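Whenever a hint applies, use it, and build me the whole structure from the sequences.
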Amino acid sequence: MFKKRGIFNSLMTFSRLLRAGFSLLKKDDILASLKLWRSGSGSIHPRTNARGFLETVIKYTTAAILLGVPLYPKFPLIRIPATFVSIRLEDILIAFSAILLLGAYLPIVKKIFNSGLKRSVLLYISVGFVSLISAIFITKTIIPHIGLLHWLRRIEYIIPLFLGIEAVKRDRNNLDYFFKLLLITIFLSFIYGLGQRYFQWPIIITQNEEYSKGVALRWVQGSHINSTFAGHYDLASFLVLVLPVVVATFFTLSHSKSKIILALTYFSGMWLLVNSASRISLVSYLIATIFALAFIKKYKAILLVVLVSLLFISFSSNLISRYQRIIDVSINRIKSVKLMFNISNNVLATNEEIIFPRQRLPLTPTPQPVFEDRSTNIRLNVEWPRALRAFAKNPLLGTGYSSITLATDNDYLRLLGEVGLMGFLAFFLLILRILLIFIKKYPFDKHFKGLELSYIAGIFGSFAGVFTNAVFIDVFEASKFAIVFWLLMGFSISILSKNESFNN
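In terms of my numbering, the numbers along the sequence shown are unbroken and rise by one, the last being 493.
The hints are simulated quantities; they were obtained by calculation from the structure and are not laboratory data. Note that the structure is predicted; figures quoted are calculated from it, not measured. Be careful, since some hints might not be right.
Claimed, not checked - Listed next, the in silico DSSO-like pairs over lysine-lysine satisfying Cα-Cα at most 27 Å (straight line):
(1) K248 with K287
(2) K158 with K435
(3) K107 with K429
(4) K487 with K438
(5) K430 with K286
(6) K287 with K435
(7) K158 with K169
(8) K435 with K248
(9) K100 with K429
(10) K100 with K286
(11) K438 with K158
(12) K169 with K248
(13) K435 with K487
(14) K430 with K487
(15) K169 with K382
(16) K158 with K107
(17) K438 with K246
(18) K107 with K487
(19) K286 with K107
(20) K438 with K99
(21) K107 with K289
So this is what it looks like as structure tokens:
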């Protein structure tokens, strides 16, 4: 499907675009924040000024993650021996974020776990660790250092949740800044996707050990657009998360220039979504967007968005053929079932006994060729049964992270297989905590307006889309998606909570 191609020349154009996005991290602002360390004759105010410095660093670290994680291709920086796991740019950014959060939370360390949300996160991480120990010493179903890396990766993904909370809680005006960066991220992803399709820009994916080394591939006819993501499912899941926010904001704000920018961003995202050719993600996007518009009471806009979406789909022969394949497989299965019931045995009846009765064998019709949808077939016959077998082996704690290979294509079954019922319940307790924070402020238009209203409605609507996607995709194991998901969720929690604590 893909062919190898050199990296560096093709990446030059995109690197310029990426630098343009990072230029929003204004040098003057950072220098100004550094000056907060000193005042007057050079005396240092360790509390007020240090707090201002920390707020600025948190803001721009968050911005770097919002731009760098989705846009920087997954080139390996440092290889980890005996694995095909590598340390990448996103790992360095998250590690730095963890240090910042440590500095922010140390002064209030005794109060941290007064929050129900933080207790839920701790429970989820702890159950994962117990499952890891069980898998190493009891069921012996994982390689210890591989399982440990997978557990640490789950912690890494959830760190942006708290970074997002802190970034907006310290300055609520930061939401507008981060939203603009999100629009830039979508648009630059679109530019790179165009480059992949029409200018042979390299594709970097991590679908197997060889590709994860940073091998550059190129798009060929009939393949999917990945843009800067590690796979087309990752890209599509990201768009399911962010496009409802863009759509809700378009119908909330009244400024004409803002609407033009939002419309261009939306069309860019739709082009990417259609060319990623992920069937379930397109359905998930429609579900999420319909919910988002309903939450802001823009019911008439729902029909318009659905029609525009169908128009985009009509221009994608690849996506139409993939949907057609599902229809063909379903029709052929129905026909084969009917054929089984229509076959009858011919019985000869006679009044007199015949020594050698004449037999008429029934005609067996030639069976129709069986059409299989490849991705569905792999899920039903290989990946999902493997996860269920792992769950059956240890229903409480599963068989440990990394025990059921790289993909299950169903996040619910993956949770059950790897960390068992305990891990499954711990994860959904965390999700329930977050949902309750949203529900507490519903209807949203009574508590918020403008960008805050559209952002909260869009993110809450995207829940339905993301968890629909999780039926067929391992969304929370895809690093680019998971990091952005938890970061945007942190923004939402901070806005919803305002001056309240998170004792939900």
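Do the hints match the structure? See the list:
1. A distance of roughly 16 Å separates the Cα atoms of K248 and K287; the hinted pair therefore holds under the 27 Å criterion.
2. For the given pair, K158 sits about 20 Å from K435 by alpha-carbon distance, which is consistent with the 27 Å threshold.
3. Among the hinted pairs, K107 with K429 is consistent with the structure: their alpha-carbon atoms are about 18 Å apart, no more than 27 Å.
4. Distance hint between K487 and K438 is fulfilled; the C-alpha atoms sit about 14 Å from each other, no more than 27 Å.
5. Distance restraint check for K430 and K286: the Cα-Cα separation of roughly 15 Å lies within the 27 Å cut-off, and the hinted pair is therefore satisfied.
6. Distance check on the hinted pair: K287 and K435 sit about 15 Å apart at the alpha-carbon level, within 27 Å; holds.
7. For a cut-off of 27 Å, the pair hint linking K158 to K169 stands: about 18 Å separates their Cα positions.
8. Between K435 and K248 the alpha-carbon distance is near 23 Å, which keeps this suggested pair within the 27 Å criterion.
9. This hinted pair checks out: K100 and K429 have alpha carbons roughly 23 Å apart, not beyond 27 Å.
10. Simply put, K100 and K286 have alpha-carbon atoms about 38 Å apart, too far for the 27 Å limit, and the pair is violated.
11. Distance restraint check for K438 and K158: the Cα-Cα separation of roughly 17 Å lies within the 27 Å cut-off, and the hinted pair is therefore satisfied.
12. Between the alpha carbons of K169 and K248 the distance comes to roughly 13 Å, so the proposed pair stays at or under 27 Å and holds.
13. With a C-alpha separation of about 14 Å, the suggested pairing of K435 with K487 holds against the 27 Å cut-off.
14. Distance restraint check for K430 and K487: the Cα-Cα separation of roughly 11 Å lies within the 27 Å cut-off, and the hinted pair is therefore satisfied.
15. Annotation: proposed proximity of K169 to K382 is violated, straight-line Cα distance about 48 Å (limit 27 Å).
16. For the suggested pair K158 and K107, the alpha carbons sit about 16 Å apart, so the restraint of at most 27 Å is met.
17. The suggested pairing of K438 with K246 holds, with an alpha-carbon distance near 19 Å, which does not exceed 27 Å.
18. For the hint linking K107 to K487, the alpha-carbon distance of about 17 Å falls within 27 Å, and the restraint holds.
19. Between K286 and K107 the CA atoms are separated by roughly 32 Å; this puts the pair beyond 27 Å, and the hint is violated.
20. Under the criterion of a C-alpha separation no larger than 27 Å, the hint pairing K438 with K99 is inconsistent with the structure, at around 35 Å.
21. With a C-alpha separation of about 39 Å, the suggested pair K107 and K289 falls outside the 27 Å cut-off, and the hint is violated.
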